[in-house]
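J.: Note that the protein sequences, when read in sequence, are chains A and B.
Heads up: the first sequence at position 171 corresponds to 171 in this note's numbering, and the numbers run straight through without jumps.
Quick note, this note's numbering runs 1000 ahead of the 1-based positions in the second sequence.
Careful, some of the hints might be misleading.
Said to hold, decoys possible - Straight line, CA to CA, 20 Å or less: simulated EDC-like cross-link-like pairs of lysine to aspartate or glutamate:
id: 1; chain 1: A; residue 1: K119; chain 2: B; residue 2: E1144
id: 2; chain 1: A; residue 1: K130; chain 2: B; residue 2: D1106
id: 3; chain 1: A; residue 1: K119; chain 2: B; residue 2: E1032
id: 4; chain 1: A; residue 1: K125; chain 2: A; residue 2: D53
It is worth saying that the hints were derived from the structure and are not from the lab.
Predicted model, so just to flag it, every value in this text is computed and none were measured.
One letter stands for each residue in the lines below.
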Amino acid sequence: MSPALMAVLILQWIVIIGLAAVLLALVRQVGILHQRIAPAGALMISEGVKVGDPAPNMALRTIDGKDISIGGPSAGPLCTLVMFVAPDCPICAKLIPAVTAIARQEASWLRVLFASDGKSADHAKFRLEKGLRDFPYIVSTELGLTFHVAKLPYGVLLDEHGVLVSQGLTNNREHVESLFEAKRLKVATLQEYLALG
Amino acid sequence: MQLDITLADTLRTAIALLFSTGVTHKLWNISEFQQTVGQYMRGLGAPLPGIERPLSLAVVVLEIAIVAACLLPGDGRIAAVLASGTLLLYALAMTINLLRDNDLPDCGCNWGKQPQPVESALVIRNGVLALIAIAAALPVTHRELSIMDIASIIFATIAAVLLYAAANHALVFAGPARRNY
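So here's chain A without its partners, still in its complex pose (with noise of 0.2 Å):
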């Protein structure tokens, strides 16, 4: 083989290897920019209890066994934010240290609680992941079928009382703060309130 032909070849090998680095590169790339950007509005999709109405009173359990109530006028004098969320849902992932976080600041109108459905085992070790012994975690088909949760991660804001006032899908921690603004503003979402002028 020609010397001229050899660096040819390894010249065309460096290029092709090149081309699949900044490829893998993109894909990656794509991958984290996925994960960061989350889809735009904090929406109201839900078709089940309306904003306003009472959410009826459910007597659930924590993974841990332990009884919870939610809805309805036992649920105590604190504002109650249950958060839907799931293992496999990487802005779920990136929500929870800013949910926890609020919980933490607001915790004295404010309980937070973390909903979820699947198998038990796997939410189990997502809690112990993300730092979630500190809260009630629940495991229920039921409760996500109340709500019509169809796509994560999802807020559901109930007053003292019971009351839904604010929910919808919450991608970020403005999204789930607009939530209390929607209470404070007594409007459903932050949309109805602009959409007042």
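For chain A, the structure is supplied; the task is to place chain B on it using the hints.
T.: Relative to chain A, chain B alone:
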């Protein structure tokens, strides 16, 4: 149909790399892998108590045997048939679980930390890999390897690893994207 020795050696090296990274990941996370094997068995309708540990060790031994068969000098047909058969076996296990609606949160085959749920795309991936692996069983034209041949084997293997990693990353991230939005 005959395979040039450079192509045959590239295939064997790539298969060895594929299984060696897989077996390293399994050994590194052996307890998680045992859980995954248990989930597969439940989906297959054979939830035999205590089977996870011996079965996961058997998988690890099988994969080490494939790596050894690829790297040791000699007939590449054994390595090719073992690799292709193993990949098809995994694809079959995944297909049965999918058909029975048994959601598996992790295939037990991903290199990274992010779990890779079992989906039909993974069955197709394994089918393609099995086809590539069985190609190594074709008769090989033997000749003296030049420096350029050896360089080609190394470069082609690097390119194959990078392309496979890119394709696999796309599969890992495509799954959650389809489910959540």
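J.: Could you run down the list of hints and mark each one as holding or not?
T.: We went through each hint and held it up to the structure:
no.	hint	verdict
1	A:K119 - B:E1144	57 Å, violated
2	A:K130 - B:D1106	18 Å, holds
3	A:K119 - B:E1032	15 Å, holds
4	A:K125 - A:D53	35 Å, violated
Of the numbered hints listed earlier, those contradicted by the structure are 1 and 4.
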